[in-house]
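J.: Residues per chain, in single letters:
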Amino acid sequence: DTEVTQTPKHLVMGMTNKKSLKCEQHMGHRAMYWYKQKAKKPPELMFVYSYEKLSINESVPSRFSPECPNSSLLNLHLHALQPEDSALYLCASSHDRWVEGGYTFGSGTRLTVV
Amino acid sequence: DQQVKQNSPSLSVQEGRISILNCDYTNSMFDYFLWYKKYPAEGPTFLISISSIKDKNEDGRFTVFLNKSAKHLSLHIVPSQPGDSAVYFCAASGDNAGNMLTFGGGTRLMVKP
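Protein chains in written order, with the working numbering: chain A, 938 to 1051; chain B, 519 to 631.
No lab work stands behind these hints, which were simulated from the structure alone.
Be careful, since some hints might not be right.
[Said to hold, decoys possible] Quick partial rundown of chain B residues pointing at chain A, CB under 8 Å, derived from the structure: (1) G534; (2) D542; (3) L552; (4) G561; (5) P562; (6) T563; (7) F564; (8) F580; (9) P600; (10) G601; (11) S603; (12) M618; (13) L619; (14) F621.
Quick reminder that beta carbons are idealized off the backbone N, C-alpha and C, glycines included.
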């Protein structure tokens, strides 16, 4: 299994809703990442988990709450989002030390906040 | 302050010809560089990478060149095929950045049949 699976693929939520994005990998990768990508912009790092511990939080607002229940799963809990949070949310994973190929990305969740 | 820049937002090439995508970086601590390809509604997929100890890496139709003194790298695709049409992101990392990747803004490549 060489994939990173993200669900759902599309999500529309209101500003008062609570929702979660899910990410799963079975490649034995011990580092997992959340990236946010707006249209015509590069992916921007949000969070990094290393060995199931949060190692990097790129000053992300608290309305985004990551969770890593185990080495294969990564969640992003969403609450009280704003319309400007609408974007493609990408999950990725990698070995804990750099190897050829860098990250493996999922296909992303297209989030629309209304 | 963009540490990785792709100055050409788009590039159009005829099928069979060479595509050259360029990338510049400013952080001299970067020592590993990657190219990713992205189709609409999909996540980026790894294409090719190069370590700073090399100046060239080749994989089939794809070759990446690194000029450390100029802080410049380029991706050559020969011959270009219509299926290569996608957005290409350059990315960089360094020992002091852990596993973090810094991405360029992307170049949209269109290969015309």
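J.: Taking the hints in turn, state whether each one holds.
T.: Each hint, compared with the structure:
At a threshold of 8 Å, the smallest CB-CB gap from G534/B to chain A is about 28 Å, leaving the interface hint violated. Hint status for D542/B relative to chain A: violated, with the closest Cβ pair at about 14 Å, above 8 Å. About 5 Å separates the beta-carbon of L552/B from the nearest beta-carbon of chain A, less than 8 Å, and the hint is met. For G561/B, the shortest C-beta to C-beta distance to chain A is roughly 3 Å, which falls under 8 Å, so the interface hint holds.
Proximity of P562/B to chain A holds as hinted, the smallest CB-CB distance being about 5 Å (cut-off 8 Å). Taken as an interface hint, T563/B checks out: its beta carbon lies about 7 Å from the nearest beta carbon of chain A, inside 8 Å. The interface hint given for F564/B holds, since its Cβ lies 5 Å from the closest Cβ of chain A, which is under the 8 Å cut-off. Here the hint on F580/B is broken, as its CB sits about 13 Å from the closest CB of chain A, past 8 Å.
With a least beta-carbon distance of about 22 Å to chain A, the hint placing P600/B at the interface is violated under the 8 Å criterion. With a least beta-carbon distance of about 18 Å to chain A, the hint placing G601/B at the interface is violated under the 8 Å criterion. Interface restraint check: S603/B against chain A, minimum CB-CB distance 16 Å, threshold 8 Å, status violated. Against a cut-off of 8 Å between C-beta atoms, the interface hint on M618/B holds, since the closest Cβ of chain A lies about 6 Å away.
The beta carbon of L619/B comes within 6 Å of a beta carbon in chain A, closer than 8 Å, and the hint placing it at the interface holds. With a least beta-carbon distance of about 4 Å to chain A, the hint placing F621/B at the interface is held under the 8 Å criterion.
Hints 1, 2, 8, 9, 10 and 11 from the earlier list are contradicted by this structure; the remaining hints agree with it.
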